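Chain order of the listed sequences is B and L.
Mapping of the first sequence onto full-length UniProt numbering: position 240 corresponds to residue 240, and the numbering continues sequentially without gaps.
Mapping of the second sequence onto full-length UniProt numbering: position 179 corresponds to residue 179, and the numbering continues sequentially without gaps.
Do not take every clue at face value.
Stated by the list, open to error - Incomplete in silico selection of chain B near chain L, CB under 7 Å:
hint, residue
1, M1
2, E14
3, F17
4, T18
5, A24
6, A27
7, H28
8, C31
9, V37
10, Y41
11, G43
12, V52
13, F91
14, L224
15, I227
16, F239
What the hints assert, rightly or not - Taking lysine-lysine pairs in the DSS-like style, the calculated list, with each CA pair at most 25 Å apart, reads:
hint, chain 1, residue 1, chain 2, residue 2
17, L, K209, L, K116
18, L, K157, L, K176
19, B, K200, L, K200
20, B, K55, B, K116
21, L, K237, B, K55
22, B, K237, L, K55
23, L, K112, L, K209
24, B, K208, B, K116
25, L, K116, L, K211
Hints in this document: simulated from the structure, not taken from any laboratory.
None of these values were measured; they are calculated from a predicted model.
Glycine residues also receive a C-beta, built at the ideal position from the N, C-alpha and C atoms.
Protein chains: 2
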Amino acid sequence: MRPRIYLFGDSITESSFTPGGWGASLAHHFCRTADVVLRGYSGYNTRWALLVADKVFPPAEGDSHGGGAPLAVTVFFGANDACLPDRCSGFQHVPLEEYKQNLHSIVSFLKKRWPKTTIILITPPPIDEEARLQFPYVENPSGLPERTNEAASAYAKACIAAAEESGCLVVDLWTKMQEFPNWKSACLSDGLHLAETGNKIVFEEVVKKLKEQGLSLETLPVDLPLIGNIDPENPLKAFEN
Amino acid sequence: MRPRIYLFGDSITESSFTPGGWGASLAHHFCRTADVVLRGYSGYNTRWALLVADKVFPPAEGDSHGGGAPLAVTVFFGANDACLPDRCSGFQHVPLEEYKQNLHSIVSFLKKRWPKTTIILITPPPIDEEARLQFPYVENPSGLPERTNEAASAYAKACIAAAEESGCLVVDLWTKMQEFPNWKSACLSDGLHLAETGNKIVFEEVVKKLKEQGLSLETLPVDLPLIGNIDPENPLKAFEN
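Excised from the complex, chain B in its bound form:
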């Protein structure tokens, strides 16, 4: 059975199979080597993610019948935790220290279930505050964005610290994206969710981290003979084993 890679996160994960999305790109990249399994929950913060982790990753999926432990899990939360508490999406806010502790708890949960699985934390993306006012998700008469780039920066730093403390890999998306010229329009579609370049960055960074762990197209076994390895003179030979 093919190994699996889980994508656990909020709406930036849930929407990752739209055209050009980073999840679909991973599924295509690993189309003959691994199943990319979508576990994105729009609007969720780490508090809610922790509450449901046992349902998202039921024990049976880790046993030998369910295909064994997954190769990797991406954990991509923080964009909702970082909503400012006194603004229009305040009910999604999680205090910075709790966010970091929740990430630790999610990592502990995953490590207990699957000790050898690669865990990749992804920081929240940077925020384009003007675009957040232009594309509100809920009524926002205050004139103030529900998320700021300053808050996103603090949550990104906490995510990186949690990864370092727990020995996980981390993609510092907050920093990576802002290295791009015109990152606000190139990387983001509404000041928060990913546009083409943003999706490309997440895809490439996750592939790079997996490769660092020896999980790449060069090392993972291919599921069944590739057409290029089937002898036109004797095609059935490839299927003899």
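Assemble the complex: chain B is given as a structure, and chain L must be docked to it using the hints.
Chain L only, in chain B's frame:
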């Protein structure tokens, strides 16, 4: 655990998670209700597909630990079977009668494994012969296309007959695509593989067939509370069960 929908087929399935691809569109459509599992094998015909079916669908994936029987399987072969035997891709050719018999055998295999799973056969797409000469996959000095639309038509008809005889659903892609004005450029990228409109047709037809079987966003249970059903005044209430 989430139910699964398997996509079993050749390169038109294997490449279905590229941007705008029908597989990725299905995965996005069912992002909170079902896992769309890619089992595309580029270049394969029904003869080879039948040989590997037991490896593609190992028994353990159907038991209670592996998530139970899948909701549905799409079976999308024929484009390679229909390669003309005396042209440059002749080693992929499967005679028409054997193709039909192989489809019956694949359906029997799936029905034996999972009696209640919805099986959807998809006919090969129509062929743009001029484009096949423009975009050859192997050296083709003959000046004759390795596939013709006439052959594709015969295989499509055999696929429809196999579906009717075995009581499966079928998407008549060969006909559906040719209903579009400029189908050669709108639906196909190289005379065989799918362009934007072609992908859209497959996605929409599969969603329609699933819906006819009661498998739709309206009927399938959602995995965990949707953000719209979480009370901002008391978010944790949604997670009490």
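Hinted pair, alpha-carbon criterion (25 Å max): L/K157, L/K176. Please report holds or violated. Holds - the C-alpha atoms of L/K176 and L/K157 are around 13 Å apart, at most 25 Å.
Closest C-beta approach of B/I227 to chain L relative to 7 Å, hint status: 3 Å, holds
Chain L contact restraint for B/T18 - C-beta distance below 7 Å: Nearest chain L Cβ about 6 Å off; hint holds.
With a cut-off of 7 Å on the beta carbons, see whether B/A24 makes it to chain L. This hint holds: B/A24 lies near chain L, its Cβ roughly 4 Å from the closest one there, short of 7 Å.
Can we keep the B/A27 interface hint, with Cβ of chain L closer than 7 Å? 4 Å, holds
Quickly compare the C-alpha distance for L/K116 and L/K211 to 25 Å and report which way the hint goes. 15 Å, holds
Quickly compare the C-alpha distance for L/K112 and L/K209 to 25 Å and report which way the hint goes. 21 Å, holds
Compare the distance between the alpha carbons of B/K237 and L/K55 with 25 Å, and conclude whether the hinted pair is satisfied. Satisfied, since the Cα-Cα distance of roughly 16 Å is no more than 25 Å.
Less than 7 Å between beta-carbons is the criterion; does B/H28 satisfy it with respect to chain L? 4 Å, holds
Quick one, is the B/M1 hint okay against chain L at 7 Å, beta carbons? 6 Å, holds
Restraint status (C-alpha distance of L/K209 to L/K116 at most 25 Å): With Cα atoms ~15 Å apart, L/K209 and L/K116 stay inside 25 Å; holds.
Going straight from one Cα to the other, do B/K208 and B/K116 come out at no more than 25 Å? Holds. B/K208 to B/K116 sits at ~18 Å (cutoff 25 Å).
Hint violations for this structure: none, all hints satisfied.
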